[in-house]
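Undergrad: The primary structure of each chain is shown beneath.
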Amino acid sequence: MHTSTLIILLLGLMSLAYYFGRKRSLSIVGGKIRDLHSLPSYYGLQTAMWCGIPALILLSLWISFEETVVTGIVVESLPQELQSLPPERLDLVLNDVRNLSKGDIVSSTVDQTMQQAADHYSSLMDISHMALFVVALSVAILAGLWARRTITREQRARNRVEKAINFFLLSSSTLAIFTTIGIVLSVLFESMRFFQQIPVTEFLFGLEWSPQTAIRPDQVGSSGVFGSVPLFAGTMLITLIAMIVAVPIGLMSAIYMAEYAGKRFRTLAKPVLEVLAGIPTVVYGFFAALTVAPFFRDMGTNIGLTVSSESALAAGVVMGIMIIPFVSSLSDDVINAVPQAMRDGAYGLGATRSETIRNVIIPAALPGIVGGVLLAVSRAIGETMIVVMAAGLSANLSANPLEAVTTVTVQIVTLLVGDQEFDSAKTLAAFALALVLFVITLALNMIALHIVRKYREQYE
Amino acid sequence: MNDTSTAKTGLQSEAGAAMKQNRTAEGTVGEVYVDDPRMTCRNVDVYYGEKQAIFDVSLDVGKNQVISMIGPSGCGKSTFLRCLNRMNDTIDICRVTGQIKMDGQDIYDGGLDVVPLRASVGMVFQKPNPFPKSIYDNIAYGPRIHGLCDDKQHLDSIVEKSLQRAGLWEEVKDRLDQPGTGLSGGQQQRLCIARAIAVSPEVILMDEPCSALDPIATAKIEELIDELRENFTIAIVTHSMQQAARVSQRTAYFHLGKLIEVGETDQIFTSPRHKLTEDYITGRFG
Ligand SMILES: Nc1ncnc2c1ncn2[C@@H]1O[C@H](COP(=O)(O)OP(=O)(O)OP(=O)(O)O)[C@@H](O)[C@H]1O
Ligand SMILES: [Mg+2]
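Line by line, the protein sequences are chains A and B.
Plus 61 on top of the position in the first sequence (first one is 1) and you've got my numbering.
Plus 10 on top of the position in the second sequence (first one is 1) and you've got my numbering.
In the DSS-like style, the derived pairs of lysine-lysine whose C-alpha atoms are separated by at most 30 angstroms in a straight line are:
hint, chain 1, residue 1, chain 2, residue 2
1, B, Lys143, B, Lys171
2, B, Lys268, B, Lys285
3, B, Lys137, B, Lys268
4, B, Lys73, B, Lys230
5, B, Lys230, B, Lys171
6, A, Lys515, B, Lys183
7, B, Lys268, B, Lys111
8, A, Lys515, A, Lys331
9, B, Lys230, B, Lys143
10, B, Lys143, A, Lys515
11, B, Lys285, B, Lys61
12, A, Lys324, B, Lys61
13, A, Lys515, B, Lys137
14, B, Lys171, B, Lys183
15, B, Lys162, B, Lys143
16, B, Lys183, B, Lys162
17, B, Lys61, A, Lys331
18, A, Lys324, B, Lys137
Source of the hints: derived by calculation from the structure; they are not laboratory data.
None of these values were measured; they are calculated from a predicted model.
Let's have the full structure, built from the sequences with the hints guiding it.
TA: Next comes the structure, spelled out in structure tokens:
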């Protein structure tokens with residue numbers, strides 16, 4: 062008997078309850094819906110909820126405590142010498158018992174007591190499952206019957222159902238919020254552990270980044286320097302290049318699409334831009350590393366410049382191309398949101414198309430465009446794949462786009478790839494970097510959203 | 011619905027009847043042509059995609075006259091008005107055929123530039139649509155793009171004069187640098203009128219300019235229209251018959267895309283000749 066079978070059965074019961082609840086409400090008033098407080102479907106829904114929700118809550122509680130209770134009973138019945146083991150050892154034994162009962166591989170030799178314990182465990186589990194099955198189904202049926210019986214013509218079923226729906230929606234949104242908070246807190250606590258080993262000021266203002274630490278005390282050489290400035294400088298440099306590529310091209314293509322392009326061109330070009338937005342970033346990454354970077358290097362040698370084969374320029378340009386559809390579709394939206402009346406006003410005065418765009422549409426859409434660009438910036442800052450492949454790993458503090466630089470996200474990846482101890486400064490540094498990155502993008506997003514919202518109010 | 015025109019003109023003298031005959035057009039009751047036209051429209055059809063919105067309309071707009079266009083909602087008044095400065099060009103699916111001339115020049119001629127046309131045929135829209143700029147810049151926008159001002163001083167005087175004529179100067183003279191969108195609805199509409207007259211057009215098209223205004227602002231605008239008539243030619247769409255009677259010299263009645271009857275405003279409102287016109291102005295329709 063699987064839990065999924067039980068859930069399907071419960072759902073079936075709920076639809077039955079809906080049917081009977083609805084029918085019941087209709088029969089009370091002899092088919093005259095007008096005499097009911099709410100529409101029949103609300104009585105049906107109410108009955109279905111009574112039938113399903115208590116049983117489902119019971120189910121989830123049961124499942125979450127079943128294991129603990131059963132394990133407790135098994136421990137009770139173990140021989141004395143096993144029971145008095147230290148907790149970690151006891152855990153291992155219990156693990157073996159569980160594995161044994163499921164027929165999985167066991168770490169120690171199987172003796173008589175172990176086998177007995179495993180049998181005990183699985184029989185208890187079976188009993189528990191059966192009990193759950195019976196109890197949940199009877200709760201569902203009883204609650205459903207009760208709800209059906211209490212239906213009266215004045216019962217405010219609509220209000221109750223609305224309240225229940227409200228509660229469901231609320232709990233889903235709080236779930237999302239709590240997940241976010243959980244992630245932020247975990248990053249925050251790990252970063253605190255990092256800052257206990259490395260001072261915050263050194264991390265924020267240090268000019269050198271070299272995270273190799275000695276794993277054994279007798280190792281020589283790398284002591285680990287965690288100054289994050291070169292990483293943030295590299296991030297900013299690449300983001301800047303990406304924006305120089307993406308903003309003008311994205312904006313101009315948006316203007317063309319919104320104001321000039323005929324219907325035919327638009328229906329053709331929009332999907333193409335969307336394809337551009339749908340390419341996985343890893344594809345852009347190897348496009349940058351294998352095509353664009355060598356191209357820049359060769360061009361550099363032709364005109365007498367030394368361009369390293371992994372350069373900020375290549376990564377930035379490709380990232381810019383990746384962001385073009387993002388900028389252009391956001392700007393397209395805000396340009397289209399400028400009321401037609403505004404355009405008519407300008408055209409009616411004899412303004413040309415470009416005058417209308419320059420003097421009326423762009424100023425009216427500017428806050429929205431700025432908001433869109435800021436969102437694009439935070440996207441560029443968080444982008445990883447392209448820079449991992451095309452920008453390099455060396456933490457140079459340099460403003461020269463022709464050299465290799467590295468970014469925050471790239472370093473997070475390299476810090477966490479491969480084997481590592483979870484409490485070394487090297488690993489914890491990833492959390493500190495992530496925290497700062499998170500704060501920056503959060504700030505950018507908040508500014509962007511604020512600007513966008515302000516702009517929305519303008520035409521209400 | 012077109013033979014009434016010839017039947018009724020029988021009352022006139024022989025010579026007069028002949029002259030009136032020349033001034034009528036098939037499908038329309040009354041004199042569609044005037045002696046001194048600023049704009050002349052001949053057999054205009056307008057289509058939105060497949061759907062025809064205006065059917066074979068011929069009409070003259072006389073110099074220094076106010077002509078009002080009335081008719082039930084959706085009969086094509088706005089559509090026809092927008093033909094006169096080619097604002098329909100901004101609607102992709104809209105197609106205009108027939109001939110519309112301004113001072114003898116065909117405005118739908120392929121080689122004609124719409125920029126000077128729209129500078130000389132200004133438009134005021136049904137909903138006030140000030141630009142999200144300062145009051146000053148709203149008015150100065152037209153003169154700037156058409157290069158009508160030589161220096162700042164000149165521009166200042168254009169702005170002041172336009173605002174004064176629109177009856178808004180006293181209310182806004184101390185806050186010219188504030189956004190035009192911050193004005194009240196009626197003030198915004200007068201701002202838009204000021205904006206339209208700042209480029210000194212010869213014709214002003216007004217599409218229900220008072221539909222969002224209170225009676226006081228409406229009275230101000232009607233007064234303004236009367237004043238403007240001295241220098242400008244005005245075509246106004248309105249749903250208010252009283253307004254049409256107060257401000258216009260000629261009135262045109264549209265019905266389902268057709269021009270049913272045109273005539274002196276007094277005559278249209280006191281003794282309409284077509285049954286549809288009569289029904290409409292006596293309130294039995296629309
Ligand atoms: N942009 C458009 N696209 C398609 N059809 C349109 C468009 N504008 C107007 N029409 C149609 O053309 C006809 C005439 O519309 P128009 O706006 O000229 O009417 P109107 O007389 O100004 O009405 P109202 O008094 O309500 O403003 C209507 O049937 C309308 O549905
Ligand atoms: Mg209209």
